[in-house]
Amino acid sequence: MKFSNQLTVWYLHNKRDLPWRATKNPYYIWLSEIILQQTRVDQGMAYYFKFVEQFPSIFDLAAASEETVLKLWQGLGYYSRARNLHFSAKYVVNELQGEFPSKYKELLNLKGVGDYTASAIASICFNEPTAVVDGNVYRVLSRYFGIDTPINSSNGIKEFKQLAQALINTKIPGTHNQAVMEFGATVCKPQNADCNNCPLNNSCVALSKSIIKTLPVKEKKLKIRKRYFNYLVIKTKNKTTQLVKREKGIWLNMYQFPLVETDKPINQQELIEHSTFNELVDFNTVTIKLHTKSVKPHKLSHQHIYTKFWIIETPNSLKFRHSWSDIKKYPVPVLIDNFLNEFNYN
DNA sequence: GATTCGTGGAT
DNA sequence: TATCCAAGAAT
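The first sequence begins at 1 in the UniProt record's numbering and counts up one residue at a time.
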């Protein structure tokens, strides 16, 4: 209880003034928690405001199209969050009469809500004593108690959840949970932990052993896949182009130009021999220009995508019906959006 | 249980 | 430049 009390006192004096801390409305807490999954407060803040403004209630969110939701989510990444958010909004409205689930176990039934998010909503909104375990909690607990169990091992996940649950203040679980996370985010940081100003620096195991920098322990390194994209940017006299919806993998249900993907970089000759190219246009009647001067990888967490944008002018206007002036209405990945911002169609 | 889902800031 | 990794979840 000492651990919780000290952090809670610290929290009440040092917490940041964040918009979602002014409410206990489960819809808003849910929204903020989804936005903040694997995302820094600084990055997610603008999106929280956008969503609250455009969808003031869960009914508004449920009534929107997935495309609208994805468009608003554009740029934030991990787009399954947006698709699941929208799906779950419809579920709550249509199956639960708009009444948001109020128990940890029920919250887990929502797509996109796992152990962390269910615990956060249940504790903050409904005072249920379920401990959150996010990246901050792993770090704080591993250091304070000197635990070197890998946080991404199945044993580590169990061990830290159990410990966090044992530490929770059942009177004020929501405040307790947020206190540990806020402390991890602003004091017990990944790098340059501010141990001099730490309210727990007289009882921290890792500090006493000078092993702060070795904790938490994480096993395995992720492998980066290299991919080579060639986007076919159709240009016509009627200022139209062609967009296609992605149907699997990354950026699911978002839009892009017709894609030729290869396992290594290709030149124009290799491009026009590709079936995707020939199904789209007749190479005898088009002019092709390589827009991309130097190919820099678009770096994702698990892949580096090397992309060439090919500008293809065709006399055939009828086949391509996406007006260029409407192109900003479609949800697109940052890779495409960056191109749209630098490319002059005229 | 390992992999795959984005993007951008910090170092 | 390379690496880490952020209020994780689904497959």
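To be clear, the hints were calculated from the coordinates, so they are not data collected in a lab. This structure is a prediction, so every number in the text was calculated from the model and none was measured. Glycine residues also receive a C-beta, built at the ideal position from the N, C-alpha and C atoms. Among these hints, one or two may not hold up.
Each computed SDA-like pair below joins lysine to any residue, with the alpha-carbon atoms no more than 20 Å apart [claimed, not checked]:
1. 239 - 115
2. 15 - 175
3. 90 - 75
4. 158 - 115
FRET-style restraints, in silico, Cβ to Cβ [claimed, not checked]:
5. 2 - 135: 19 to 27 Å
6. 294 - 197: 41 to 49 Å
7. 205 - 248: 42 to 50 Å
8. 80 - 170: 28 to 36 Å
9. 2 - 50: 40 to 48 Å
10. 154 - 344: 46 to 54 Å
11. 40 - 146: 26 to 34 Å
12. 2 - 41: 25 to 33 Å
13. 253 - 41: 22 to 30 Å
Evaluated hints:
1. 239 - 115: Given pair residue 239, residue 115 is violated - Cα atoms ~49 Å apart, limit 20 Å.
2. 15 - 175: 11 Å, holds
3. 90 - 75: 23 Å, violated
4. 158 - 115: With a Cα-Cα distance of about 12 Å, the restraint between residue 158 and residue 115 holds, given a limit of 20 Å.
5. 2 - 135: 19 to 27 Å: 24 Å, holds
6. 294 - 197: 41 to 49 Å: For residue 197 against residue 294, whose Cβ atoms are near 45 Å apart, the range 41 to 49 Å holds.
7. 205 - 248: 42 to 50 Å: The hint (42 to 50 Å, Cβ to Cβ) holds, given that residue 205 and residue 248 are roughly 46 Å apart.
8. 80 - 170: 28 to 36 Å: Since residue 80 and residue 170 have Cβ atoms about 33 Å apart, the given range 28 to 36 Å holds.
9. 2 - 50: 40 to 48 Å: 41 Å, holds
10. 154 - 344: 46 to 54 Å: Between residue 154 and residue 344, where Cβ atoms are some 53 Å apart, the hint holds.
11. 40 - 146: 26 to 34 Å: For residue 40 and residue 146 the Cβ distance comes to about 27 Å; the hint holds.
12. 2 - 41: 25 to 33 Å: For residue 2 and residue 41 the Cβ distance comes to about 28 Å; the hint holds.
13. 253 - 41: 22 to 30 Å: Check passed, 27 Å falls within 22 to 30 Å.
Violated hints, listed in ascending order, are 1, 3; each of the other numbered hints is respected by the structure.
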